[in-house]
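Chains as they are written, first to last, in my numbering: chain X, -6 to 345; chain R, -6 to 345.
What the hints contain is simulated information worked out from the structure, not anything from laboratory work.
Possibly wrong hints are sitting among the right ones.
As the list makes no split between identical chains, a pair holds if one copy fits it or if it spans any two.
Claimed, not checked - Think about it this way: if two alpha-carbon atoms lie no more than 30 Å apart in a straight line, the pair counts; the simulated DSS-like pairs of lysine-lysine are:
id	residue 1	residue 2
1	LYS(-5)	LYS188
2	LYS38	LYS16
3	LYS(-1)	LYS188
4	LYS304	LYS314
5	LYS217	LYS272
6	LYS314	LYS47
7	LYS133	LYS115
8	LYS16	LYS3
9	LYS120	LYS133
10	LYS162	LYS3
11	LYS269	LYS16
12	LYS292	LYS269
13	LYS3	LYS120
14	LYS93	LYS115
15	LYS217	LYS(-5)
16	LYS314	LYS133
17	LYS133	LYS(-5)
Number of protein chains: 2
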Amino acid sequence: MKEWEKYVRKVVPYVPGEQPKEKVIKLNTNENPYPPAPRVFEALKELDATDFRKYPDPAASELVDAIASFYGVESENVFVGVGSDDVISMAFLTFFNSEKPILFPDISYSFYSVWADVYGVKYECPKLDENFGICAADYKRENGGIIFPNPNAPTSIAQPLEFIEDIVKSNEDSVVIIDEAYIDFGGESALELTKKYDNLLVVQTFSKSRSMAGMRIGYAIGNKKLIRAMLDVKYSINSYTMNIPSIKLGKLAIEDRAYFEECTGKIVATRERVAKELKKLGFVMPDSKANFLFASHSKVPAKELFEALKKGGIYVRYFPKERIDNFLRITIGTDEEMDAFIAFVKEYLEKR
Amino acid sequence: MKEWEKYVRKVVPYVPGEQPKEKVIKLNTNENPYPPAPRVFEALKELDATDFRKYPDPAASELVDAIASFYGVESENVFVGVGSDDVISMAFLTFFNSEKPILFPDISYSFYSVWADVYGVKYECPKLDENFGICAADYKRENGGIIFPNPNAPTSIAQPLEFIEDIVKSNEDSVVIIDEAYIDFGGESALELTKKYDNLLVVQTFSKSRSMAGMRIGYAIGNKKLIRAMLDVKYSINSYTMNIPSIKLGKLAIEDRAYFEECTGKIVATRERVAKELKKLGFVMPDSKANFLFASHSKVPAKELFEALKKGGIYVRYFPKERIDNFLRITIGTDEEMDAFIAFVKEYLEKR
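Generate the whole structure from the sequences, applying the supplied hints.
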């Protein structure tokens, strides 16, 4: 080993869901099956490559203003980044600097522990209860910060607003981050609470409900002091993170409220139908408020089904992790995709 | 002060050059005055917003392969990021983890100290000599890493390849990063040396010579171990940094070698002409190998001229910093822009 290799940062990187290049039914990374808003198509046509020679607006004001306007907050309450991963990573770096451990559930978005490791943040992971519920009591002890997704991933379970408020109120000494990547599929957002509590940061993304995973746009909303602190850190790392297409197309995407509601409504309807059908086939699952189902079959091991589906050209997500290793996370696709998925599963169960 | 505010990361953020929204002659952020390659315009027309609903390829393979092919290296030798700022920031986090101070010149890209501060990396800044040259001897002592731009910014001075090789060879225990943001305007790239030295990382960008600042694309080339280590850290922070337009348009931008050579050639020719004219007007400046000049007038203070130019709608960059506070950094624009700049300066000097 060379001397310089001794000082290379040691990490265990997060493994993202596969992005297969061949044609498959892709229900493994919680993407939206519908295209972005019609206005995004128009805005794309209007982009002029001549403008690309110049740096983008480092504040991404057009995009920030559009988000602020959609949610009825001020622009100083909004932080944008390259996907919600960038936003949360920046929040870790900005807020989680005490010696006390931060808290997040043992079953949750697996990136939290990766960020904590890379930035040297101590953490503890209270266990979800036997129904995969978050226990509020676990988040009422000394801590250096709190983060969890609502709805939680991969469990799909949403907590009501009073539950969130109780945790935020009980932790006024810490920054509490609610990761609302999946909130638009039936959960109650904590956005309103950011006006009441200065220690609450709500993170959302364009990747799911806005059909823009490929554009990499995430955002956080919180009181001005929180946002200012994140901006200061962001400007210390990379002043220009949002490129011109993200700023321009992101703005148009968020302005189309009707399309957004239509799209999320369709996904919720498909989810409810698929949940019913899967239950008929012997699956159990929590009530989902996300764009995916977290399902386990009473007889067939999840891993076996995962591999059979993959061979059949249908990708879902499987986590080989204690307590959840008999579950599949199934993204809600179009009705046609879900019909193909159900037909495959039905046939597999019959033939087995 | 709230308790949580005590644990907010304290930073002194980098201040980027202004991005004025009104119409001005913008010679302050070293952008390329010419549009991106014609193929970028074509590729933009071919982008289909339907694809944006899906995550991009986390490895950005199309772009990585195109860069590798352009430079005659393998794809495993290439790391891409959201501008070279993202790439260098990732390199700091990956490689600069020893207790020994890293070294970079006192007059250099001002972001280096910002990254060092935010990541808690110790650093020392050897002084440039009286002609703003880097002294090789200063980089032959124990250190935790070395970084400097070649050509240096804002001095515009390039070091020859032997100079770079000498430093790389003398520091086999450290990672040496050569920041070649401006290399395509007349300097000698150290890329070839990455095949010979495993501790050398060369960083370049699409923001200057490729006219793509607005797309945010930077890259590093080095041996496979260095690149693998950076990828591991990158995947621990944000798996999907490069959005679909950056991957697609970046690929096409780098493939157009003829346009790239034509563009950089024009800028070099304009630079040489402007340097001559400015010298006639009483300016002194080092020989520039970048797309900017670093000029000082024998009689008029730089700050005064900076402010007069700004009032006149011409933006250049001024750094209120010891040793260089009587210099202006003037980006090379089109011939028309530079004529307007020279005419303004000439008139200002005559009227003064």
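Verification of the hints:
no.: 1; hint: LYS(-5) x LYS188; result: between (53 Å within a copy, 16 Å between copies)
no.: 2; hint: LYS38 x LYS16; result: both (27 Å within a copy, 24 Å between copies)
no.: 3; hint: LYS(-1) x LYS188; result: between (47 Å within a copy, 21 Å between copies)
no.: 4; hint: LYS304 x LYS314; result: within (22 Å within a copy, 63 Å between copies)
no.: 5; hint: LYS217 x LYS272; result: neither (46 Å within a copy, 49 Å between copies)
no.: 6; hint: LYS314 x LYS47; result: between (46 Å within a copy, 26 Å between copies)
no.: 7; hint: LYS133 x LYS115; result: within (17 Å within a copy, 37 Å between copies)
no.: 8; hint: LYS16 x LYS3; result: neither (36 Å within a copy, 48 Å between copies)
no.: 9; hint: LYS120 x LYS133; result: within (14 Å within a copy, 52 Å between copies)
no.: 10; hint: LYS162 x LYS3; result: between (37 Å within a copy, 25 Å between copies)
no.: 11; hint: LYS269 x LYS16; result: within (28 Å within a copy, 59 Å between copies)
no.: 12; hint: LYS292 x LYS269; result: within (18 Å within a copy, 82 Å between copies)
no.: 13; hint: LYS3 x LYS120; result: within (27 Å within a copy, 33 Å between copies)
no.: 14; hint: LYS93 x LYS115; result: both (7 Å within a copy, 25 Å between copies)
no.: 15; hint: LYS217 x LYS(-5); result: between (46 Å within a copy, 14 Å between copies)
no.: 16; hint: LYS314 x LYS133; result: within (26 Å within a copy, 49 Å between copies)
no.: 17; hint: LYS133 x LYS(-5); result: between (47 Å within a copy, 18 Å between copies)
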